[in-house]
Amino acid sequence: MTAASNPWAVWLRHNEPTRYNLATKQGWDAFVHTAARTPLQQLNRAEMTRLSTYELEDYNDARGLWNANPRPCRPPSSPAPTA
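No gaps in the numbering here: position 2 of the sequence shown is 2 in the numbering used here, and each next residue is one more.
Bear in mind the hints are in silico, worked out from the structure with no lab data behind them.
Keep in mind that the hints are not guaranteed to be accurate.
[Stated by the list, open to error] Restraint-style ranges between C-beta atoms, simulated for each label pair:
no.: 1; residue 1: R19; residue 2: M48; range: 24 to 32 Å
no.: 2; residue 1: Q26; residue 2: A68; range: 18 to 26 Å
no.: 3; residue 1: Q42; residue 2: Y20; range: 24 to 32 Å
no.: 4; residue 1: Q26; residue 2: N60; range: 31 to 39 Å
no.: 5; residue 1: T24; residue 2: S52; range: 37 to 45 Å
no.: 6; residue 1: N60; residue 2: T24; range: 28 to 36 Å
Only a predicted model underlies this, so the values are computations on that prediction, with no experimental measurement involved.
Don't be surprised by glycine CBs; every beta carbon is placed ideally from N, CA and C.
Start from the sequences and build out the full structure, keeping to the hints where you can.
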């Protein structure tokens, strides 16, 4: 099986973790302005049983990466002050 036919290997390649130096302005800026990860397709157990061994391993690695790095919590805007 080629890596191109394994969507989970492709997802992992495109969503590799990046290390940012948050102690510097450049590192913080890069962290804040980085693009969001591509959403990971969820499979049910029946779909997972149809994956090959390599696909299942890559899928589980992708799930681990996706769940270890949740999206930032964006609270709703504060209400406008009243007079």
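key: Broken hints, by number   = Going through the list in order, the structure violates no hint and respects every one.
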